Amino acid sequence: MDVLLNEDEEMIRDTARHFFDAECDTDRIRAVEDGEERIDRELWQQLAELGWLGLALPAIQGGSEAPFAQLALLVEEAGRALAPVPLHPHSVASLALADAVERDEGGSLASSVLGDAAAGECLLTWAWSERLPGVGPDSVAMRAVPDGNGWRLNGCKRFVEAYDIADYCLVAVRTDAEGAPEDGMTLLLVEAGADGVSSVAQRALGGDYHSEVDFENVYVDGDALVGQVGSGWDLARPMLERAVVLNCAMIVGATRRAAERAFDYAKERVAFGHPIGSFQAIQHLCADMITWVDGAELLTREAAWHIEQGLDAALPVAAAKSFTNERCQMVLREANQIHGGYAQVKEFDQQLWYRRAAAWSMRLGTALEHRRTVAKALGFEEVR
Amino acid sequence: MDFTFSDENESFRAEVREFLDEHVSPEIVQEMRASAAGEGIGRLTRELIGKIGDRGWIGMSWPEEYGGRNADLIDQYIFEEELARARVPLNLGNFIEQAPAIMHAGTEAQKAYFLPRLVRGEVTFALGYTEPSGGADLASLKTRAVEDEDGFLINGQKVFTTRAEQSSHIYLMARTDPDVQKHKGISIFLVPMDTPGITVRPLWTLPGGRTNEVFFEDVRVPKDALLGQKNGGWYIGASALNLGRAGARRYCVYVSPFEDLLRYLREDEIGRELAADPVVQDKMAQLYCEARVAKLFTMRSLSMVRRGENPPYEISSEKVWGPEFQVRTTEAASQILGDYHQLWEGDTAPNGGSFPRQYVGAMVSTFGHGSTQVMRTAIARRGLRLPKE
Ligand SMILES: Cc1cc2nc3c(=O)[nH]c(=O)nc-3n(C[C@H](O)[C@H](O)[C@H](O)COP(=O)(O)OP(=O)(O)OC[C@H]3O[C@@H](n4cnc5c(N)ncnc54)[C@H](O)[C@@H]3O)c2cc1C
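Residue numbers (numbering that gives the first Met the number 0), protein chains in the order written: chain A, 0 to 383; chain B, 0 to 388.
These are computed hints drawn from the structure, not numbers from a lab. Keep in mind that this is a model prediction, so the values were computed, not measured. Incorrect hints may have been included.
[What the hints assert, rightly or not] Derived DSS-like pairs: lysine-lysine, alpha-carbon spacing no greater than 25 Å straight-line:
1) B/K50 <-> B/K110
2) B/K282 <-> B/K294
3) B/K141 <-> B/K183
4) B/K294 <-> A/K375
5) B/K387 <-> B/K183
6) A/K266 <-> B/K229
7) B/K222 <-> B/K110
8) B/K110 <-> B/K229
9) A/K375 <-> B/K282
Working from the sequences, and respecting the hints, build out all of it.
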């Protein structure tokens, strides 16, 4: 038992912090937010060269085989830096593909795109949610029916990150509509520009774009199968757990930075003749902020560690997410309070952290949904 | 990062649990409760302390020369967690706070006298810190100890001196120099409670416990009652604290009302019916996450102390989060259990009436051993380096 970082973990954290501090200033963040490109290609290429796009992927796919917790630390740093690159969806999709390849399940497309994904030459995303947001198996209703060697897809996916810049999208569909939500699900790797696909990118609170993606009679070849037909939930469940933990890591990273900015501001800003940070009311806010973000960080690391160790992660993941969503919003709110009116002003940088971390806390399951998972794990009978 | 305990840790846990299952009878728990209510330390309790001492579990993280085993702090943490799980209300403060101070600052004669007797339960300390003038600003204390040729003459008053009526000694903080900066004129004395001039008056507390006022009227103690340097008393605690700060016993106190509530809602017939409400389940899930954070804060402090680090603010965070969580839990319990929550005794009282006792007693955590306000200021100043006013 030692909940602090070990040497390897400290190394990746420090290297990533150093890199993003040097490379990723707010001009770059704003350039992507205000520009047409929706990704900082140069930064993306740098991440690829550093081996970070394949950090936790197997070596045969060009990865570094780092333990999952190290990837979570990298993503936490990317969140802290508000790095304007789609590291989250790309990591989530590529780890799911690697999982299928390692299980030796599915078609050959997955393994052939993974090497390019690690090299930054192929950008991956994933499509899960449809009408009601959530991370349970009942989220997926979109149908795929067999057609020749492959499938025909019809339906609509929402809240797909980075779809307009992605090359491939891992799509969860239902190949069998009968039975329990856990059954009859299949994962398919669809080319983003495939015939019959249309998408509309919608701007979100965090300044990035989420697409609504329509599939109209889209043909997908059998080769695009990821995992096994009908048991997609076996891959999707761990994929969602990883997605949730990496999302928590981003929130924690960005929220800690937002809080630190507020602590610094409190030391400099003078009111009534004193730095506001000398007032007890402000000091006590700051004490709560650091305590809350530390709590979210510890829960997130505990969840990442469970995943890394191959332990049942359902409870720690849900605990981390429900706590992080709510407590980090509270930290952001207090950080804004300390900045007073300036937190509302676009040209002042604080809002960059506020909007993104808040937006991230609205994805991948609400606190209420994750607490239902916690309650179930505590042994309460499900009532819905 | 590693969030689990090793196989050796777990087998130690199993050993402790087996011992407690075998030796902690309902009669002993009853006796300990009565003792907290002011009835002195009972025979069964003394026997139990003796048996625990025989196993080497009291002061196990102490150096071998003082009768300890140099055990890993993790083992001490596990031992404390198991004591709490078995609901053994054994006061460990003596072994974890006062004994390390004696090891650190005591003379050879003091160590030889006190340490072995502490382990056998023959010496027990009441903690004589707080005075009527205030506990948060402890360094403003007024009780005077004036040195003369034979020793010291003590006059003054302490308050909230828990277990003063049943302890052999008091670990007394008194002012030895009133003319210097307040932290620099304080000394610690180890004073037998049967010294002439000491009177103890009970104060009864809301959950049904006893604490005391202690009056010192021309109390004469010899020179060797002084622990460490004269006027250096304030700093003894600060430097000897690490052995004591990184333990499980505080977080166990913070989370025990949650654990009791969870057990009641899962196991009791009425409890199960109440728990069929999704709103109740949501609240319990929320409290679970918060309890987990309390535990992780403790594990973090322990990890830091084991690495030889001196946590700048983390222990204060633990001391803000945990007690406030404890209070929130008792308030939530009151709104989940409703009418049942008021019942102090009787057959229909959940858990024999423990819930309202926890409700009125939980707040002791939020001001005792460093109030949450003082702790927040410490986090801001020491941890975040915010300026003084
Ligand atoms: C059941 C029980 C058992 C106890 N056992 C012991 C014992 O064995 N030995 C012992 O020595 N003491 C004991 N105590 C005393 C306890 O440690 C004190 O109650 C505590 O230190 C607070 O002191 P006080 O009650 O004098 O409150 P005060 O110090 O008067 O504080 C009152 C309020 O003012 C706030 N406050 C004080 N200073 C500041 C500041 N600078 N900024 C903001 N807010 C501030 C505090 O947070 C608190 O909310 C016990 C108390 C109880 C109730």
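- prompt: Which of the numbered hints above does this structure break?
  reply: 6
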